[in-house]
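There are 4 protein chains.
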Amino acid sequence: MKPTAILLLHCPDKQGIITEVTKFITDNKGNIVYLDQYVDREDGIFFMRIEWELDGFIIPREKLEEYIQTLYASRYNMTFNLYFNDKRPRMAIFVSKMSHCLYDLLARYKAGEWDVDIPFIISNHEDLRYIAEQFDIPYYVWQIKKDHSNKAEVEKAEMELLKKENINFIVLARYMQIISDDMIKSYPNHIINIHHSFLPAFIGAKPYHQAWQRGVKIIGATSHYVTSELDAGPIIEQDVVRITHKDNPESLVLKGRDLEKIVLSRAVTKHIERKILTYHNKTIIFS
Amino acid sequence: MKPTAILLLHCPDKQGIITEVTKFITDNKGNIVYLDQYVDREDGIFFMRIEWELDGFIIPREKLEEYIQTLYASRYNMTFNLYFNDKRPRMAIFVSKMSHCLYDLLARYKAGEWDVDIPFIISNHEDLRYIAEQFDIPYYVWQIKKDHSNKAEVEKAEMELLKKENINFIVLARYMQIISDDMIKSYPNHIINIHHSFLPAFIGAKPYHQAWQRGVKIIGATSHYVTSELDAGPIIEQDVVRITHKDNPESLVLKGRDLEKIVLSRAVTKHIERKILTYHNKTIIFS
Amino acid sequence: MKPTAILLLHCPDKQGIITEVTKFITDNKGNIVYLDQYVDREDGIFFMRIEWELDGFIIPREKLEEYIQTLYASRYNMTFNLYFNDKRPRMAIFVSKMSHCLYDLLARYKAGEWDVDIPFIISNHEDLRYIAEQFDIPYYVWQIKKDHSNKAEVEKAEMELLKKENINFIVLARYMQIISDDMIKSYPNHIINIHHSFLPAFIGAKPYHQAWQRGVKIIGATSHYVTSELDAGPIIEQDVVRITHKDNPESLVLKGRDLEKIVLSRAVTKHIERKILTYHNKTIIFS
Amino acid sequence: MKPTAILLLHCPDKQGIITEVTKFITDNKGNIVYLDQYVDREDGIFFMRIEWELDGFIIPREKLEEYIQTLYASRYNMTFNLYFNDKRPRMAIFVSKMSHCLYDLLARYKAGEWDVDIPFIISNHEDLRYIAEQFDIPYYVWQIKKDHSNKAEVEKAEMELLKKENINFIVLARYMQIISDDMIKSYPNHIINIHHSFLPAFIGAKPYHQAWQRGVKIIGATSHYVTSELDAGPIIEQDVVRITHKDNPESLVLKGRDLEKIVLSRAVTKHIERKILTYHNKTIIFS
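Residue numbers (UniProt numbering), protein chains in the order written: chain A, 1 to 287; chain B, 1 to 287; chain C, 1 to 287; chain D, 1 to 287.
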């Protein structure tokens with residue numbers, strides 16, 4: 001794999017943006033290997049993901065952000081993020097007691113499916129330490145008291161660890177705690193949660209039980225970025241599975257597990273590939 | 001097709017029910033061609049659908065209901081319905097302005113897919129009269145005023161027609177009016193609606209617009225029996241289709257149409273086949 | 001809807017193509033409303049669909065093809081097609097005896113879902129004339145003899161009608177005849193068929209029966225362009241539905257009908273929107 | 001969980017079978033907790049799965065098989081299998097080099113999702129020994145030479161181990177070797193394979209590559225019992241995922257992994273629950 005630069009941007013739609021950006025890259029001897037764009041006609045916003053090879057590219061990578069800022073971002077009122085494919089993102093995993101999502105994440109990690117580092121796992125329980133040990137990954141436990149009296153303190157310690165380890169994004173792999181606004185602000189649209197329902201149906205606790213009580217014929221799982229409003233952040237991925245009247249809350253939990261882990265992992269894949277743009281509490285997912 | 005009797009029942013679960021019912025049919029020379037049952041262990045309720053051929057069956061069909069009542073229903077505290085496969089149910093269709101569900105229902109009817117009679121179509125608008133004429137089916141229009149001042153009167157006229165024509169069940173094929181409690185009580189669990197969302201998400205008006213605003217990645221449609229609570233009746237069938245950030249409310253409406261008509265027709269099929277039992281605001285759908 | 005030009009092209013991949021094409025449109029005062037592209041890295045082929053508004057565009061529409069040919073097509077070794085969104089394509093439907101696909105196509109047509117003209121229907125049987133009459137569309141019957149002795153003659157008459165009516169593309173809505181090479185050559189990648197299996201499984205006759213005999217748990221339908229090799233043309237769209245051991249060939253036929261009509265109509269939609277490019281017996285489907 | 005007996009049977013369809021079997025259980029004070037049956041009307045075969053609690057059941061469990069044989073099996077020409085829910089089946093896993101299915105199986109096993117023992121893993125390569133060690137399960141490697149000269153010898157050793165460890169069924173978790181007829185005969189309909197295509201499409205090697213070359217829009221995975229004909233045994237479970245022209249063989253392999261592991265695990269679940277009957281190279285899957 002050759003080194004590439006990945007530019008994710010959005011700005012008010014205007015004629016000629018694609019031409020200018022592609023010309024800039026081509027003129028500077030960059031070989032474009034990916035281009036996808038989307039225009040929200042309602043709001044008049046232009047979104048783009050463009051990736052080009054850095055071999056032979058005239059502008060040095062450490063100057064690239066500055067050049068883009070000067071040449072385009074200010075002129076077009078762009079919001080942009082620049083990544084390099086050879087800089088592996090660092091991902092932290094938060095878990096509670098259920099193992100299925102954690103195993104799925106770590107199995108992919110171990111198989112080399114993702115270009116990512118996972119320096120540690122955080123939990124509020126000891127239960128899954130054995131899995132961390134199976135995979136030789138440090139496992140930190142900070143138990144949050146039922147009255148939440150130590151929650152601020154725990155999050156402070158977690159934030160220090162996240163910072164020290166240069167964590168880029170967080171995956172909540174069935175972590176059964178609400179993340180405080182402080183942590184969310186430090187990782188805006190960089191905390192990925194899996195909710196075990198087809199959102200916005202069955203927000204909050206015990207969604208499988210809610211689904212069973214309502215008598216739905218299909219259940220779902222939803223992966224989304226965490227925002228300060230519970231289960232209401234930008235949706236990244238959803239999937240569903242058919243059920244029947246023979247199912248009960250217990251069998252729904254079992255069927256749901258497979259959904260949860262697959263949906264969460266698809267969302268993590270898209271995030272690692274830098275194929276997600278968020279705007280107005282929605283996601284643009286480039287393919 | 002040979003004539004059969006179809007018995008749908010539920011009662012408190014008790015050992016020996018299946019044995020007794022099957023023995024009753026076999027002893028009286030009935031050949032069982034379908035048996036499916038389900039036990040709700042939570043509530044201890046037994047549900048069954050059993051169908052047998054009437055040729056050679058000793059008990060005459062006009063006495064059958066009485067025998068079942070005497071021999072089993074009172075003893076087991078059963079609720080039951082008895083049908084005969086050669087008695088075609090009579091179905092009324094209610095529409096407003098959208099044609100896709102109506103065409104789908106009538107195309108199946110015309111192709112002989114369903115063993116059903118459709119003596120008329122009711123609407124609150126003239127718009128779809130041309131379809132009724134294409135298929136030579138009487139089309140009645142009762143316009144409901146915006147202030148609903150004539151709603152009671154309209155429903156009275158509709159109820160008279162339904163009664164006069166011996167209608168067994170009603171299909172709301174995107175009928176954009178709320179059915180009053182009186183009509184619902186006359187057709188309990190016999191009015192089938194199609195709601196253009198994956199219930200219980202996006203109850204009420206403009207669900208595709210709601211879905212687009214929430215940024216979901218999958219949209220759905222739900223067919224359910226109408227109860228007095230809006231969009232909250234027993235769900236019969238649901239299905240979904242994947243969407244992307246490129247969709248807007250208009251494209252969702254288009255994609256949703258295909259879902260709506262298929263989901264509604266599947267529900268109607270199950271109803272016509274007498275394969276649905278309702279209990280506690282849920283459906284048991286025999287396969 | 002404002003008038004637009006739609007350019008579909010493919011050529012050997014080369015740096016700068018996007019820049020040049022978008023610059024050409026922008027420089028000539030065209031407002032780009034759609035751009036999607038795809039690069040086949042294996043074969044080094046660039047594919048693009050670009051659409052722009054013609055209001056204010058400097059080059060007159062009757063000169064546009066010539067300009068593109070001169071400026072780009074020869075230089076880049078491009079294969080391209082140019083369409084105008086206000087020029088409705090003309091579509092012929094071929095049917096045999098089954099009505100479900102025909103009804104679905106005509107219901108959409110009548111509802112104005114498609115920007116298309118359907119000047120006539122061709123069949124080898126009288127069976128569906130009543131539907132053509134319901135929709136006031138001319139219905140031509142040319143019966144092909146079992147020994148195919150008159151097939152060449154029939155196709156000659158059909159070709160004349162297609163030509164006289166300026167038909168742009170043909171939809172085989174469960175037309176149970178093999179199209180001859182001559183007709184295929186006159187409409188390369190412009191004859192859309194629906195095959196009632198998940199191709200390449202169950203090619204040829206009686207696919208539902210084949211599926212039942214094999215004991216599959218899912219059945220499918222496939223819409224593809226017709227080529228001289230049976231059921232082997234470029235696939236446009238596929239979808240599936242779950243079945244169980246309780247299904248038999250008859251119930252598969254019923255379940256399959258819904259698949260067939262939806263899959264066929266999705267393919268027709270993409271074709272009408274000029275969002276399909278074919279290359280090496282595959283399709284690129286722009287979204 | 002209370003101890004239960006599970007009876008799986010099939011025989012020529014005859015009036016009164018359900019009555020007799022349920023009466024036998026009820027008369028002997030067994031509480032039926034599960035009953036599902038199916039009649040293949042084509043071939044006139046009756047299939048049933050019935051499960052009842054053994055507490056208070058009059059016939060001792062070690063005599064049960066004999067009683068069923070004497071009372072029913074000979075009279076009705078039944079083929080039957082009797083299981084007890086408290087006797088955990090013993091399952092062997094065969095792997096080659098790919099880890100995703102193995103991790104998925106072991107994660108479920110470790111989480112207690114399945115009532116099963118996994119005494120060892122067999123492989124033809126050392127590659128996945130580290131996973132066996134993570135989960136503390138013995139890992140045996142018998143390398144089969146490219147010319148297959150030692151295949152008979154290897155299978156003999158494997159068969160001895162399977163026998164010694166009282167293995168009830170085998171799961172081929174992407175085991176890239178063909179199983180010989182001898183081993184298949186020892187485990188008829190008890191060797192579960194996962195094939196990475198939607199069978200019967202793309203039998204044999206490199207199915208994702210075949211799928212990509214054909215240009216399908218959906219890929220699948222199939223779990224089936226192994227028979228002597230390659231990829232042609234009774235299908236247990238299938239599922240699919242949508243792809244686009246942007247996919248290449250490598251991305252199909254990645255997308256397929258999730259399908260493979262979920263489909264394989266669903267099949268294993270059904271097998272462990274004794275909910276599968278095989279007949280004429282098809283499966284009846286009770287729900």
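Take these hints with a grain of salt, some might be off.
Put simply, identical chains are the same to the list, so a pair is met inside one copy or across any two.
[Stated by the list, open to error] Derived pair list, reagent style EDC-like, types lysine to aspartate or glutamate, alpha-carbon separation capped at 16 Å:
#1 K156 / D40
#2 K2 / D182
#3 K87 / E53
#4 K270 / D115
#5 K282 / E53
#6 K255 / D239
#7 K14 / E53
#8 K97 / E126
#9 K110 / E133
#10 K164 / E126
#11 K270 / D43
#12 K255 / E273
#13 K110 / D127
#14 K206 / E165
#15 K164 / D147
#16 K185 / D115
#17 K270 / D247
#18 K151 / D182
#19 K151 / D43
#20 K2 / D136
#21 K156 / E133
Keep in mind that the hints were calculated from the coordinates and are not lab data.
Evaluation of the provided hints:
no., hint, verdict
1, K156 / D40, "neither (39 Å within a copy, 48 Å between copies)"
2, K2 / D182, "neither (38 Å within a copy, 48 Å between copies)"
3, K87 / E53, "within (14 Å within a copy, 41 Å between copies)"
4, K270 / D115, "within (12 Å within a copy, 35 Å between copies)"
5, K282 / E53, "neither (29 Å within a copy, 28 Å between copies)"
6, K255 / D239, "both (12 Å within a copy, 14 Å between copies)"
7, K14 / E53, "between (26 Å within a copy, 14 Å between copies)"
8, K97 / E126, "within (8 Å within a copy, 32 Å between copies)"
9, K110 / E133, "both (13 Å within a copy, 14 Å between copies)"
10, K164 / E126, "neither (23 Å within a copy, 38 Å between copies)"
11, K270 / D43, "neither (25 Å within a copy, 26 Å between copies)"
12, K255 / E273, "between (28 Å within a copy, 15 Å between copies)"
13, K110 / D127, "between (21 Å within a copy, 13 Å between copies)"
14, K206 / E165, "neither (34 Å within a copy, 41 Å between copies)"
15, K164 / D147, "neither (28 Å within a copy, 55 Å between copies)"
16, K185 / D115, "neither (25 Å within a copy, 44 Å between copies)"
17, K270 / D247, "between (32 Å within a copy, 15 Å between copies)"
18, K151 / D182, "within (12 Å within a copy, 54 Å between copies)"
19, K151 / D43, "neither (40 Å within a copy, 40 Å between copies)"
20, K2 / D136, "neither (30 Å within a copy, 39 Å between copies)"
21, K156 / E133, "neither (25 Å within a copy, 37 Å between copies)"
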